[in-house]
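The listed protein sequences derive, respectively, from chains A, B and C.
Numbering-wise (our numbering), the first sequence opens with residue 1 and increments by one.
Numbering-wise (our numbering), the second sequence opens with residue 1001 and increments by one.
Numbering-wise (our numbering), the third sequence opens with residue 2001 and increments by one.
Accuracy of the hints is not assured; some may be wrong.
Unchecked claim - To give a feel for the contact side, a few chain A residues facing chain C, derived at Cβ under 10 Å: (1) Tyr83; (2) Asn87; (3) Ile90; (4) Arg104; (5) Asn112; (6) Gln158.
To be verified - SDA-like, lysine to any residue: derived pairs with alpha carbons at most 20 Å apart: (7) B:Lys1208 <-> B:Arg1286; (8) C:Lys2222 <-> A:Leu59; (9) C:Lys2213 <-> A:Ala57; (10) A:Lys138 <-> C:Leu2208; (11) B:Lys1334 <-> B:Thr1323; (12) C:Lys2213 <-> A:Ile90; (13) B:Lys1047 <-> B:Thr1067; (14) B:Lys1204 <-> C:Ile2050; (15) A:Lys138 <-> C:Gln2075; (16) B:Lys1269 <-> B:Arg1286; (17) B:Lys1153 <-> B:Thr1067; (18) A:Lys110 <-> C:Pro2272; (19) B:Lys1077 <-> C:Ala2160; (20) B:Lys1204 <-> C:Leu2099; (21) A:Lys62 <-> C:Lys2222; (22) C:Lys2224 <-> A:Ala57; (23) C:Lys2002 <-> A:Ala135; (24) B:Lys1071 <-> B:Met1088; (25) C:Lys2129 <-> A:Ser16; (26) A:Lys216 <-> A:Ile20; (27) B:Lys1047 <-> B:Ser1134; (28) A:Lys177 <-> A:Glu146.
What the hints assert, rightly or not - Computed far set for chain C versus chain B, every beta-carbon distance over 12 Å: (29) Lys2004; (30) Leu2173; (31) Phe2217.
These are calculated hints, taken from the structure and not from any lab test.
No experiment lies behind these values; they were computed from the predicted model shown.
Cβ atoms here follow ideal geometry from the backbone N, Cα and C, with glycine treated the same way.
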Amino acid sequence: MKSNSIRFNNVSFGYSGRKIIIKNFSFEIPTGSRTALLGLNGTGKTTLLMLLLGYIAPLEGKITLLKDGQEFPITEMNGAVGYLSQNENIPFDYTMQEFIMLGRAPHILKFNVPSEYDFKVSQKIIQSLDLASLAYSKLGEISGGELQRVRIARTLAQEPEIILMDEPMTHLDIKNKKYLNGLINNLKETGKTIIYSTHDPLDVLNFSDRCIIMGKNNKFEAGETERIIRSKTLSDFFEIPITVINEKGNKSIVVH
Amino acid sequence: MKKIVSILIGAVFLFSGCLYLKPSPSYQKTIIDALGREVKLSNEPSKIIIIGKQAPMLMNFMYLFETADKKLLALEKRSQSADEFLRMIDTNIDKKFKLERGAGAEQIVPLNPDMVILKTSMRDTIGKPLEDLSIPVVYVEFENIDQIYRDLKIFADILNEAQRGEELVSSYQMYYQEIQNKLNTNATEKPTVLILQAETEDQKYIFKVPAANWLQTDMVEQAGGIAVWKEANQAGGWSEVNMEQISNWNADLIYIVNYQGQAPELVEKLMNDEIWKNLNAVKDNRIYAFAFDFLSWDQPDPRWILGYSWMAFRQNPQSISVTDIQNLIKEYYKNFFNLGESVIGEKINPMVTDYLN
Amino acid sequence: MKKKKLTGLIACLILVTLLSFLIGRYQNGNPFGFLTSNNLYQQLFFQLRIPRVLTALLIGSGLALAGLVTQIIFQNPLADGGLLGVSQAAGFGAALGILIFRGNSIWVQLFAFGFGVLALIISILISGKIRGNKILSLILAGIAVSAVFSAGIGILKYLADPIDQLPAIVFWLLGSLAGSTWQVLIRTMIIIVPIMIFFWFYRWRLNLHAMDKEIAFSLGLKNKIELWASLLASVLLTSSIISISGIVGWIGLIIPNYARMIAGSDTSNSIPVTLLLGAIFTMICDDLARALLPGEIPLGIFTAFLGALMFIGLLINKEKIT
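Isolated chain A, as found in the complex (with noise of 0.2 Å):
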């Protein structure tokens, strides 16, 4: 049986006016993976997030999923894909739950109102992720952990089959991150695909399997986690020194 799997066919970007980001980039993600997006700032990870969720387009190359033997623009995913943004701004002040049910907009008709089973769809979820307590709460009134897996069940709510974060890692405190952790791998365990970009490698090294590591002038590096997630490979691409230590019961990641 092929696999499953998202597809960058010789993809190139750049913002108009400027420099190509993304050239030539050609690798596999198989369905039902963990993929880390680790970089530098400013090396394209979140222009890679957005050419994933169909945002922006490639100026040259395509993005497709294939499938059962089919393959097909990543495009026409259809609401399919969700995306956490690392910040977001919220001007108005819903309730946990109006807000989550925001994530059923693509299952929702356009000129309709949510119905009996999205309600229900959204209760699971607000049970699955611990959430009930805060039902009615405002979301101005919850904490920022809190409210990452708020932003979190909302994309779950879309019943989504491939879920983008953009360093979903940054602001948590260590106890929400080991919750988030668990959270992607259950997910990843239902067959979803996650790629989710951050700054730590040795969160990398510890929790995903597959990685994409995105240097400067382009360069970058696609596979799984064991063999890239290197000395050399990161002393590379983050250009300091450093040693990565991967053995049994000790991984971690020496800079100097």
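Fit chains B and C to the supplied structure of chain A, relying on the hints for placement.
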């Protein structure tokens, strides 16, 4: 020989000295204007400018005097009608309209006037800058009957026509008294009266009532009527009222004023209007277009006496007849504007017939 | 909980409407005299008072709705339907329409709408050229465009003045329902009601526009069609109302904020409440405008006065305006 020359030289000096000492014939006059200001004149004004709001009415008052057309230097272009009447009086008047509408000190000064006449309300905008430039400015008001008499005398003073000024005031007073006498002999119940300035846009009407302290309000009451809007419009200016308010007042008599001369048309439309048909004034046929020849007779303008008399006629038809008014018009235009009977017959009467029916 | 509030508001609307029918300057005897043979009162009641109250109801909900939609689209609780110069431009367009097509009203409404949209586009274009914070530059562009069209109204009025072709400038700047008739009401309903129906059905999905662009995209807003449709519908709503009532301010700003206070931020809840509150508020203001004093007082004076009071109340009661 030397002696004769020195005597001659001495005489010359003495003579010229005497000439120098003799007082030169100068023009000294102080005018007290409507604001109580003392305006000192050093020569008789012969280059007068009238400008600003209601200048047409001030011009009409000015042309009551004989020497006005010679002494007026420049006027401001404003409404059409005023120009037509004044053109009849002074065929050269078009040459005088040198100032564009809204002109200010900058346009006035180059014309080098020796007097500018303004309404008191124009002091801040046009008056003060002129005063600062030492141009003699005289403010007038003409907003009620007493002011009209007072300000006419100011004009008489400016134009050095004191006798004419007296004539005008006594004529006004005489006509006024004649009407008053007729009203008093046949004292009947005073009708309630409503004055509405009407404008129409796009089949909608906008009605406004005059200010409580305006000439119109005053004249209605002095012509034997009760001005229903008096308590309602204590604030200045024309104030909009809606149909419900008009219906609530349900005055016995309604005057429709329109400054574009469209009042007769409007009255006809209103008499056929579904709602207006129910008003007392329409039912009794006592809704009238306010009389208008070249200008509406309701304004503070030389024609005020005609407006007043005409209102007395409308409000007390048993005491005052159409003939009374027609005679008044003849007398008035003869005495006030020096128009001959044929001119009055040709030009004025046709304009007024509609309003006398 | 929500159902009770909604029913309460509907009852309030009906009550205020019926009471408003009984308020007016014509006070000769029985307020219910229109049922008897007082023909004058009957005429006034059915030909003037009822259409005027219903017009107030309609423009009140319309302006409030436009305000809400604008707030969502621009993600700013302090916006209203006239944002970016739309109000002043619509007023200018309507004035121009009156000058050119004397009395032909479909053109007045078309011009009002056309210039409203023009102002929107110009503001957006200008703000694109300004470097820096996008929201700030939009607001600045809007202020400039608004000022230009406001001056434009002044110029038109000055030019038209000798012949007095235009409603007093006071009408444009402060609004008035003095000219309300059945004809005007029906003409306005033809435009406003379909737009309200559109937003009624769209009332839940409108929420998406309050999200960040990328998030909204991921949730299904794949192109700008819905955004432009909503924006244009809102501008059409605002400008057709302005063409019949002049510029009436504060309704679009304050009512949606109150509605959110009562019903929450979800537009599927705040839209119905906005419509109801807008209608109630405006009817009360017009009752005062036409009946408090013998002379007509511009509607905008009451909407501003009461609106500002409500605004202060809002600020005091909440730390955050959302």
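For this session: Would you check the hint for Lys1047 of chain B and Thr1067 of chain B, treating anything up to 20 Å between C-alpha atoms as holding?
Result: Roughly 12 Å between the alpha carbons, so the hint for Lys1047 of chain B and Thr1067 of chain B holds.
Exercise. Is the Cα-Cα distance between Lys2213 of chain C and Ile90 of chain A 20 Å or less?
Worked result: Roughly 11 Å separates the two Cα atoms, so the pair holds.
Exercise. Looking at Phe2217 of chain C again, its CB stays over 12 Å from all of chain B?
Worked result: Per Cβ check, Phe2217 of chain C is outside 12 Å of chain B; nearest 46 Å; holds.
For this session: Beyond 12 Å from every chain B Cβ: check whether that's true for Lys2004 of chain C.
Result: Its Cβ never comes within 12 Å of chain B, the nearest being 37 Å, so this holds.
For this session: Take the C-alpha atoms of Lys1153 of chain B and Thr1067 of chain B, compute the straight-line distance between them, and say whether it is at most 20 Å.
Result: Holds, because 15 Å separates the two Cα atoms, which is no more than 20 Å.
For this session: Would you mind confirming whether the straight-line C-alpha gap from Lys2002 of chain C to Ala135 of chain A stays at or under 20 Å?
Result: At roughly 16 Å apart (the allowed maximum being 20 Å), Ala135 of chain A and Lys2002 of chain C satisfy the hint.
For this session: Mind checking the alpha carbons of Lys110 of chain A and Pro2272 of chain C for me, to see if they're no more than 20 Å apart?
Result: holds, 18 Å
For this session: Would you mind confirming whether the straight-line C-alpha gap from Lys1269 of chain B to Arg1286 of chain B stays at or under 20 Å?
Result: holds, 14 Å
For this session: Given the hint that Lys2213 of chain C pairs with Ala57 of chain A, test it: the Cα-Cα distance must not exceed 20 Å.
Result: holds, 16 Å
Exercise. Is the hinted pair Lys2222 of chain C and Leu59 of chain A satisfied, with a Cα-Cα distance of at most 20 Å?
Worked result: holds, 19 Å
Problem set entry | Restraint check, 10 Å cut-off on beta carbons, for Gln158 of chain A near chain C | Interface hint status for Gln158 of chain A: holds (7 Å vs cutoff 10 Å).
Exercise. Within 20 Å, alpha carbon to alpha carbon, are Lys1204 of chain B and Leu2099 of chain C?
Worked result: The hint holds at about 15 Å.
Violated hints for the displayed structure: none, as all numbered hints are satisfied.
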